[in-house]
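Could you build all of it, start to finish, from the sequences and the hints given here?
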Amino acid sequence: PTELPALFFLGNGGGGELLRFHADKTNLSLAADSGKTSLVMTATVAERLKVIRTMVFDPASYVIEDTYRVENLSQAPVSTFPVFSLTNRPFSVRDAASRFTFSGPVAYVNQSLREVKGKKINEGVMTLDGEVGWAAYEDNYFICAVIPAEPVTGAVRMSASDETVRTVIVEGPQPLDPSAVREFKYTVYFGPKKLEILTAVGSDLAKAINFGWFDVLAKPMLWLLNFFHSFVGNYGIAIILLTILIKAVFWPITQKGMKSMKNMQKLQPKVAKLKEKFKNDPQKMNQEMMALYKTYKVNPLGGCLPLLLQIPFFFALYKVLLMSIELRHAPFMLWINDLSAPDRLWVGFDIPYLHGIPVLTLLMGASMFLQQKMTPTTADPTQARIMQWLPVIFTFMFLNFASGLVLYWFINNLLSILQQQLINRQTRA
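For the record, in the sequence shown the residue sitting at position 344 is 344 according to this note's numbering, with numbers rising by one throughout.
Since the hints were made in silico from the structure, they are not lab data.
All clues stand as given, with none of them false.
Pairs of lysine to any residue, SDA-like flavour, derived with a Cα cap of 20 Å: (1) 36 with 52; (2) 50 with 178; (3) 193 with 329.
Okay, the calculated beta carbon distance ranges per label pair: (4) 213 with 73: 50 to 56 Å; (5) 219 with 308: 19 to 25 Å; (6) 421 with 335: 27 to 33 Å; (7) 196 with 26: 34 to 40 Å; (8) 421 with 312: 25 to 31 Å; (9) 231 with 251: 21 to 27 Å; (10) 251 with 34: 51 to 57 Å; (11) 21 with 219: 39 to 45 Å; (12) 24 with 149: 18 to 24 Å; (13) 255 with 290: 20 to 26 Å.
Even for Gly, the Cβ is constructed at its ideal location relative to N, Cα and C.
In structure tokens:
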């Protein structure tokens, strides 16, 4: 936006009055080495209240300090309440992967993050009452937030009109005696959702980076991603190193699961004979199958449980790579110059729908196909047919996903192929 989408007005019992300020300067210039610059504006409300607004800009920061000094000019007590309103439109165009991330108004109320979906505010005003820490509008990578200096008792009201979303902080009534002065201090943050920056701003603004159920796992993974990047200087290589680390941690239990699946595959002919022999007596069939597993020391769930343990970690890393602004415009190598954008190798002509060749995505699909060929097959023909189509389905799913995600999946597949190859050699020996 060309101007800060923020308004402040003083409410009263009959509504509110928008403040019309007179500034102490007609223009404001910021340079990288200029240091902090302030803008002072003055407004009068019905000759009863005088409001002095001081905005402090820092070219080295995404933060604007916004202070309101309200003085009662009348000879009678005045009761008013400050209202700070943010009006936003979407910061960027939503892509295919954006449907898996949140974009819209968000607030930190009663020490709890509240993300409000567009459907709710399109139906009417959404009000969140309680202790307000901050209110904001966010998308996958950026956030515009207004933060009171201290949590205030009041409400956050959210509404929508067309593509415009309004997020309003309404504080509780503030009595002013004659000639009394009261200050209201806010911080306006308009910048990237980068963990270390939001943490430095304070007021729990870092809670805006929300990985959902996997937050407790995803935040450490994001730290590790940045840790690797601090050494190698390339987020693509950092993703590879993080993938290798996670694979190494789970290597023992994955190997145990793969061996169990391999042993189960060897027993399939015997299992098939038992099913045929006792097809009219399910209870006896189950007893004989359990006896068979016990004889050969095979756990029928041994191949599943180790893999199930890894699922939360997989989804946590998936969310990190999907939502991290660190990957935005981050180059990897060769034709991949933006890890947050879909993988495309541009050729001399336009390819319908694709516009370019998704080389990394095709390699990922091929690695899935190869991995599938090396993995023990299931005895269920229906499940086997579904598994055959998975590489094709995933390739189409990932066509418009961020190349950083595709890179992770590709490297993970290669490591799984290596592990399966080692297990196959061990079982043949």
